[in-house]
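In this note's numbering, the protein residues as written are 4 to 158.
Errors might be hidden in some of the hints.
[Claimed, not checked] Below, simulated DSSO-like cross-link-like pairs (lysine-lysine); rule was C-alpha separation at most 30 Å, straight line: (1) Lys130 <-> Lys40; (2) Lys109 <-> Lys120; (3) Lys109 <-> Lys58; (4) Lys68 <-> Lys58; (5) Lys120 <-> Lys58.
[Claimed, not checked] Pair by pair, the computed Cβ-Cβ distance ranges are: (6) Glu89 <-> Glu145: 42 to 48 Å; (7) Lys50 <-> Arg94: 30 to 36 Å; (8) Lys43 <-> Glu98: 25 to 31 Å; (9) Arg113 <-> Phe141: 38 to 44 Å; (10) Glu146 <-> Gln122: 54 to 60 Å; (11) Asp30 <-> Thr55: 27 to 33 Å; (12) Tyr72 <-> Gln117: 24 to 30 Å; (13) Val147 <-> Gln122: 55 to 61 Å.
In short, the hints are calculated from the structure, not lab data.
Using N, Cα and C, we set each Cβ at its ideal position, and we do this for glycine too.
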Amino acid sequence: MERVNLWIKGQLYTFTESIEKTVNFSDAPTFEELIPKFLKYREFDEKRSLETVDKDRECIGWFLKDINYLRSPDLITLEDITTLKERMWRRGCGECRINSVLNTLKSFLRFCNQYMKIQTINSQEIKTMKLPKRQVEFLSDEEVQQFRQSLSQKD
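All chains, please: the whole structure from these sequences, using the hints.
Set out below in structure tokens:
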């Protein structure tokens with residue numbers, strides 16, 4: 004893999020991936036600028052609970068951890084979303100955790116697009132992970148009887 008060194012605003016960057024993905028050449032605000040605005044928007048405009056806003060903050064952090072080569076949401080592609088899913092899956096995250104991060108990211112992209120007027124990918128194009136079908140297991144007559152007996156013994 005070829006390495007390219009580039010000085011940008013007095014800082015040396017070494018690239019091993021495509022330059023346009025590593026450096027934010029767009030005029031769009033950075034994640035660092037947008038995330039506090041997004042969280043404030045979620046709390047006050049969408050009337051989300053503090054717990055939801057905290058979870059949003061955590062999920063955006065997971066995205067930034069795995070897709071750390073982007074500086075602005077207008078550079079996100081569907082390929083980046085697939086990379087996010089892959090990295091989280093390989094780290095041992097389950098479908099529900101990955102979906103939580105993806106759903107928060109979708110909300111963030113809608114905020115960027117509709118509220119901040121930043122052109123991003125369509126959040127509806129982001130597909131969440133398929134969840135395995137849950138199996139319902141019923142108690143046998145004997146297990147129901149044991150359960151009833153255990154309840155009566157506690158009285």
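Evaluation of the provided hints:
no., hint, in the structure
1, Lys130 <-> Lys40, "25 Å, holds"
2, Lys109 <-> Lys120, "15 Å, holds"
3, Lys109 <-> Lys58, "14 Å, holds"
4, Lys68 <-> Lys58, "15 Å, holds"
5, Lys120 <-> Lys58, "24 Å, holds"
6, Glu89 <-> Glu145: 42 to 48 Å, "46 Å, holds"
7, Lys50 <-> Arg94: 30 to 36 Å, "33 Å, holds"
8, Lys43 <-> Glu98: 25 to 31 Å, "30 Å, holds"
9, Arg113 <-> Phe141: 38 to 44 Å, "42 Å, holds"
10, Glu146 <-> Gln122: 54 to 60 Å, "58 Å, holds"
11, Asp30 <-> Thr55: 27 to 33 Å, "31 Å, holds"
12, Tyr72 <-> Gln117: 24 to 30 Å, "26 Å, holds"
13, Val147 <-> Gln122: 55 to 61 Å, "59 Å, holds"
Consistency with the previously given hints is maintained throughout, with no hint failing.
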